[in-house]
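My request is simple: use the sequences and hints to build the entire structure.
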Amino acid sequence: MECFIGRYGAEIGLRRKLEKFISKQRLASMRTSSCIPVICVIVEGGMNTIRTVLEYVTDSPPVPVIVIQGSGRAADLIAFAHKYSKTNENGDEATLDEELTDQLIAAIRSTFKVDRFLADKLLIELLQCVRDKNLITIFGSSLSDNVTSPFFIEE
Numbered sequence: 001m002e003c004f005i006g007r008y009g010a011e012i013g014l015r016r017k018l019e020k021f022i023s024k025q026r027l028a029s030m031r032t033s034s035c036i037p038v039i040c041v042i043v044e045g046g047m048n049t050i051r052t053v054l055e056y057v058t059d060s061p062p063v064p065v066i067v068i069q070g071s072g073r074a075a076d077l078i079a080f081a082h083k084y085s086k087t088n089e090n091g092d093e094a095t096l097d098e099e100l101t102d103q104l105i106a107a108i109r110s111t112f113k114v115d116r117f118l119a120d121k122l123l124i125e126l127l128q129c130v131r132d133k134n135l136i137t138i139f140g141s142s143l144s145d146n147v148t149s150p151f152f153i154e155e
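Going by the numbering used here, the sequence shown opens with residue 1, and the numbers climb by one from there.
Each hint can be trusted.
The calculated DSBU-like cross-link candidates involving lysine-lysine, where the alpha carbons are at most 35 Å apart (straight line), are:
no.	residue 1	residue 2
1	Lys20	Lys83
2	Lys121	Lys20
3	Lys133	Lys20
4	Lys121	Lys86
5	Lys17	Lys121
6	Lys113	Lys20
7	Lys83	Lys133
For the record, the hints were derived by calculation from the structure and aren't laboratory data.
In structure tokens:
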């Protein structure tokens with residue numbers, strides 16, 4: 001058995017295997033032989049959370065994601081990318097305007113204390129996450145319906 005102590009994100013693979021196992025179980029008490037539904041709820045989160053969301057929305061079948069906007073860090077970055085990105089006609093690429101890209105890169109660097117190279121990599125992952133906006137639902141926290149971090153655009 002692997003040791004997960006002190007390794008951020010080390011539990012993700014194990015958790016995902018458990019979720020897949022549970023989701024394949026049948027609901028015996030119901031008249032139907034439906035599988036147990038799985039969703040992902042994002043509250044705050046770190047860099048590994050962005051990778052986890054990417055795995056969920058690109059899995060087969062994809063797993064819907066609910067993001068609690070205003071809870072901080074990864075959740076707010078995903079909410080921002082979801083709100084401001086545009087998907088091309090083929091639906092295979094999400095992009096941001098240059099100014100919003102710069103703003104999101106700065107937010108990634110500030111949030112996770114990373115260099116530009118890693119921030120660019122995380123930006124690509126964020127945009128891949130929101131490529132199919134139907135798979136992600138943004139739920140505003142009771143504190144705010146907008147991203148509350150000072151580096152984001154307030155409307």
